[in-house]
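Engineer: The lines below spell out each chain.
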Amino acid sequence: MALKIIRPGMFTTVQDSGRWGFQAQGVGVSGAMDLFSHRLANALVGNSDEDATLEVTLLGPEIEFQLNSTVAVAGAEFRLTLDGGVAQMHQAFDVPAGARLKFGERTKGARAYLAVAGGIDVPAVLGSRATHVVTGMGGFDGRALRAGDIVKKQTGVAFGNTFGKKTEKTYRPLLLPDGGAKLRVIVGPTGAGLLTTRRYTILPQSNRVGYRLDGPAVFERSTGEMISTAVPTGAVQVPPTGQPILLMADHAPTGGYTIAATVITADLPLAGQLAPGDWVEFQGCTLEDADAALRDREAAVDPH
Amino acid sequence: MTSPQIVAIGDACLAIIFEQQIDPRVNARCVALASDLEQRRLPGVRDVVPAYHTVSIHFDPRHADRSHLHRELERAAAHAVAPALEAERQPIEIGVTYGGKDGPDLASVAAFAGCSEEDAIRLHSETVYRVYMLGFLPGFAHLASVDPRIAMPRLDAPRLQVPAGSVGIAGAQTGIYPCDSPGGWRIIGRSSVKLFDATREQPSMLKVGDRVRFVAA
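Top line first, the protein sequences correspond to chains V and D. FYI, the numbering for the first sequence is 1 to 304, going by my numbering. FYI, the numbering for the second sequence is 305 to 521, going by my numbering.
In case anyone wonders, no lab produced these hints; they're calculated from the structure. There may be inaccurate statements among the hints.
Unchecked claim - Derived DEER-like restraints, expressed as beta-carbon distance ranges:
| id | chain 1 | residue 1 | chain 2 | residue 2 | range |
| --- | --- | --- | --- | --- | --- |
| 1 | D | His372 | V | Gln66 | 43 to 51 Å |
| 2 | V | Gly284 | D | Gln309 | 40 to 48 Å |
| 3 | D | Arg463 | V | Glu288 | 40 to 48 Å |
| 4 | V | Gln66 | D | Ser412 | 53 to 61 Å |
| 5 | V | Arg7 | D | Pro467 | 27 to 35 Å |
| 6 | V | Leu58 | D | Pro486 | 36 to 44 Å |
| 7 | V | Ile6 | D | Gln343 | 25 to 33 Å |
Said to hold, decoys possible - Which stretches of chain D does chain V cover? Using the computed rule of at least three CB atoms under 8 Å from a CB of chain V, they are:
| id | segment |
| --- | --- |
| 8 | 310–317 |
| 9 | 327–337 |
| 10 | 400–414 |
| 11 | 432–439 |
| 12 | 459–465 |
All values reported here derive from a predicted model rather than from experimental measurement. We put the beta carbon where it would ideally sit given N, CA and C, even for glycine.
Kindly produce the complete structure, drawing on both the sequences and the hints.
Structural biologist: Structural data, given as structure tokens:
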């Protein structure tokens, strides 16, 4: 026992830093869509990056804590209440046994991460607790949480805001997108076509697997299908229709479409904070730019 | 053979690309190179994924030096020799119930080939296929090459639900859906093998380089 789900929210899943090492057997990586905020939430309660958190999507849950817990929420800006009183994002706070944490109105961003000191405890599958809903692998029974679910946390962690000192560190939360975002990309081996010169809109049929984008056809002529090969998260694939798809955390490890460009690691968390209806612009950059951007991002979550 | 190209796919993946074709010798070279790279345990490398004509290396850019990695890959690729083909390796036999409700597209594949359903089954089951890659779903082996007469392209609109075990054709490729999934392959039959089990030491039943033959049940 630990966390009782009173209302599950729109799509709340257990996630971690991903199921690496099995892509050659067809197993996708999954993990937090906004890895930065997942790590920040973990750091605030003294967890490691790999500990599992709850990923909350658009409409947040209401959770009753059955045990004393120290928690933190990072990422999308939600109005949080603890037994009716206001609770702050981006800092650790104690939740006494029996108290209810409620995610209220969301003002910015799409996904928030709830970390509990010790980490969410579900069985690891192939070394990871991340949920892959498409194949029902990992997480809580391989699915999004429902009302009445009891999610365990790792026990034996001290209670009493032991980690309050952590908030003294200068963690810089992710600057959340407001209606859209510019994402930096490494242009694909065969050129990016119109992708880096036009604005695209995220279509409703987008999810953790990928974002379908509406806008001008990326290439003048259909590039058709190619022989399948491995694809990384952040790749912008262009099917024969010309309408691009941005591959996100739950994408299959291989694909057969042209890759016009790939979002850099430092900007993937920002991509994870976008929702259907948001716009997106892709800006070409160099690998040196990408490395510098990542160093900057790292300094915000690991300020040692 | 020509020397492969090494291309950055974003800032966290390098792809080694050989001749773009479905060819057992090219694929055997990819398999040998992938296994060599796995054994080197290069710093920051998280996944090495062989496919038809590529080997992709996913790495954590925080913990890998890209130019160093690039040089290591160049060196390994230059030395990757295609081993003798596994022609002598005994094919793995997989039983299939063809047609009927298990294979709703068998009739259209037969029509595509201009032959009877029995002949389409014979064409599919008398070839010994090679596992060229795994992808799309856990344990989903991509087998090739299908006899050109029955090498029918994917459905125009994918089905929302293809049951686990369904045996399908997608152009020159054939394969078995390891779990229920949406999918666009032409479904001609069904098998009961357990292609993927996360609790097994080697979760995927098939691995790249294996040989497979389907047997009509």
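Engineer: Are the hints correct? Go through all of them and say.
Structural biologist: Evaluated hints:
no. : hint                              : result
1   : His372(D) / Gln66(V): 43 to 51 Å  : holds, 50 Å
2   : Gly284(V) / Gln309(D): 40 to 48 Å : violated, 20 Å
3   : Arg463(D) / Glu288(V): 40 to 48 Å : holds, 45 Å
4   : Gln66(V) / Ser412(D): 53 to 61 Å  : holds, 56 Å
5   : Arg7(V) / Pro467(D): 27 to 35 Å   : holds, 33 Å
6   : Leu58(V) / Pro486(D): 36 to 44 Å  : violated, 23 Å
7   : Ile6(V) / Gln343(D): 25 to 33 Å   : violated, 50 Å
8   : 310–317                           : holds (count 7)
9   : 327–337                           : violated (count 0)
10  : 400–414                           : violated (count 0)
11  : 432–439                           : holds (count 3)
12  : 459–465                           : violated (count 0)
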